[in-house]
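Visitor: Could you put together the complete structure from these sequences and hints?
Be aware that the sequence shown starts at 1, since it is given in the working numbering, and climbs by one per residue.
Everything labelled a hint here was simulated from the structure, so no lab data went into it. Note that the structure is predicted; figures quoted are calculated from it, not measured. We treat Cβ as the ideally placed atom computed from N, Cα and C, and that holds for glycine. Mixed in with the good hints, there may be bad ones.
As the list claims (entries may be wrong) - Quick list of simulated restraints, FRET-style, between CB atoms: (1) His35 - Gly60: 29 to 37 angstroms; (2) Glu63 - Trp31: 31 to 39 angstroms; (3) Tyr36 - His59: 14 to 22 angstroms; (4) Pro47 - Arg99: 18 to 26 angstroms.
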Amino acid sequence: MLLGEFQPAMVFDHLLPCLQFCSHVRSAIYWFISHYEPTKFLGFKCPSVQAVRHGHCYHGENEVNVLGPNTNFSRPGIYYLATTASMPYYMGSDGLKERKRGVNNYLYRITDDEDIVV
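Guide: See the structure below:
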């Protein structure tokens, strides 16, 4: 679970039905890779999880932070970290550019904003 929500895994262009286990394993993999590539996992601050869902975090001045040993913990908040579906997962500065929600668009379609407590 990244950003507090379920993140499916993609295998051969199909959603892998492994519930929350895959999300937790994937986040540990990101953390591990970030120690070898400490400047590649870039995320930008969003005002809320709902703003992430609706794609409203790309506009204006965005505070950027990095995942890994160089994380600046004096900048708390909700950060959107774009990743790819396969290794090496990080997007570097390309992850800071606006893009379609892709796989996670299903969260926007099936879940009301009111069900999230942050």
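Visitor: Any hints this thing doesn't respect? Which numbers, in order?
Guide: Hints 2, 3 not satisfied by this model.
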